[in-house]
Amino acid sequence: MTLFDIVLAILMLASHVAIVGAAWLCRKRSKAFLFLGALLIGWQWVHLAGQGVLASVVELPPMSEHLSFFPFSPLIVDAGGPGWRSVPNSTVRSFNLGLDLLRCALYAAVFALIARSLGKNRACDPSS
Amino acid sequence: MTAELIVGGLLWVALNAAIGIACWRCARWATGFLLLGATVVLWPVFYGFGERVLMATVQQMATGSPPSIFPFSIIAAESVSLGYLVTRFHQVMQLVRYVLYAVSFLLIARSFKGGRNASRPELKPDVESNLRAK
Chain B
833 MTLFDIVLAI LMLASHVAIV GAAWLCRKRS KAFLFLGALL IGWQWVHLAG
883 QGVLASVVEL PPMSEHLSFF PFSPLIVDAG GPGWRSVPNS TVRSFNLGLD
933 LLRCALYAAV FALIARSLGK NRACDPSS
Chain A
49 MTAELIVGGL LWVALNAAIG IACWRCARWA TGFLLLGATV VLWPVFYGFG
99 ERVLMATVQQ MATGSPPSIF PFSIIAAESV SLGYLVTRFH QVMQLVRYVL
149 YAVSFLLIAR SFKGGRNASR PELKPDVESN LRAK
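Quick mapping for you: the protein sequence lines, in order, are chains B and A.
The first sequence begins at 833 in our numbering and counts up by one.
The second sequence begins at 49 in our numbering and counts up by one.
Don't take every hint at face value.
[Unchecked claim] Below, a list of computed lysine-lysine pairs in the DSS-like style, where the Cα atoms sit at most 30 Å apart: (1) A/Lys161 <-> B/Lys952; (2) B/Lys860 <-> A/Lys161; (3) B/Lys952 <-> B/Lys860; (4) A/Lys161 <-> B/Lys863; (5) B/Lys863 <-> B/Lys952.
Source of the hints: derived by calculation from the structure; they are not laboratory data.
All chains should be built: construct the whole structure from the sequences, respecting the hints.
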């Protein structure tokens, strides 16, 4: 482990703590801020898990039952070899696009929730 | 497959537009939403572009013509490996993204903690001073 790794890890941890702290401070305005914080931090793990699943089914050995069940089974096609199966590039591209669409949909929903609750809070505020 | 990609691309644009509009609306209460929205929408595009440039350079190096510009020149000089450079690229991009998230979220939290006027940005300074005079 180099000095660069340590500095990188400290900065990463600090940014995560800052996100959690800011989400906690904003929670009185809207509970959706907690979802936003969780999404900002948690999405990278979802993305990593998705990429891990994809990497594990890109090439499967003969007679392997590993991840050959639904919903992963549609990803796998015959590779042409004796019993070997693999995932074509177009499927990988579609999978990545689907993952990105899911990310965008979640962000759009959370931001819409925040806008809605901030608008509602302002309407209820007698001072405004 | 092409139709699927076109529909997916259109959906992607629509969802990003929805994120942009929601952030624009939220920016009335805290300007940090503009930075957060820009990071959420534009950073993946910028990251994808950087990744493509990196991969194109890697392909170019594989064919035996290493570029002489930094940081690829240090691979040619055999100071670091290609894997090291690619890993560092991803780590640094990830870090910049999280720092941007943290800064924008802290800006939002600060605007909300900033008092009553932070939640009422529609009040013009002259209107505010008139109210105070009354």
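A quick look at each hint next to the structure:
A threshold of 30 Å between alpha carbons decides the hint, and for lysine 161 of chain A with lysine 952 of chain B the separation of about 18 Å falls inside it, so the pair holds. Note on lysine 860 of chain B and lysine 161 of chain A: the hinted pairing holds, with a Cα-Cα distance of about 11 Å set against a maximum of 30 Å. Simply put, lysine 952 of chain B and lysine 860 of chain B have alpha-carbon atoms about 13 Å apart, close enough for the 30 Å limit, and the pair holds. Annotation: proposed proximity of lysine 161 of chain A to lysine 863 of chain B holds, straight-line Cα distance about 16 Å (limit 30 Å).
With a C-alpha separation of about 13 Å, the suggested pairing of lysine 863 of chain B with lysine 952 of chain B holds against the 30 Å cut-off.
The structure is consistent with each of the numbered hints, conforming to all of them.
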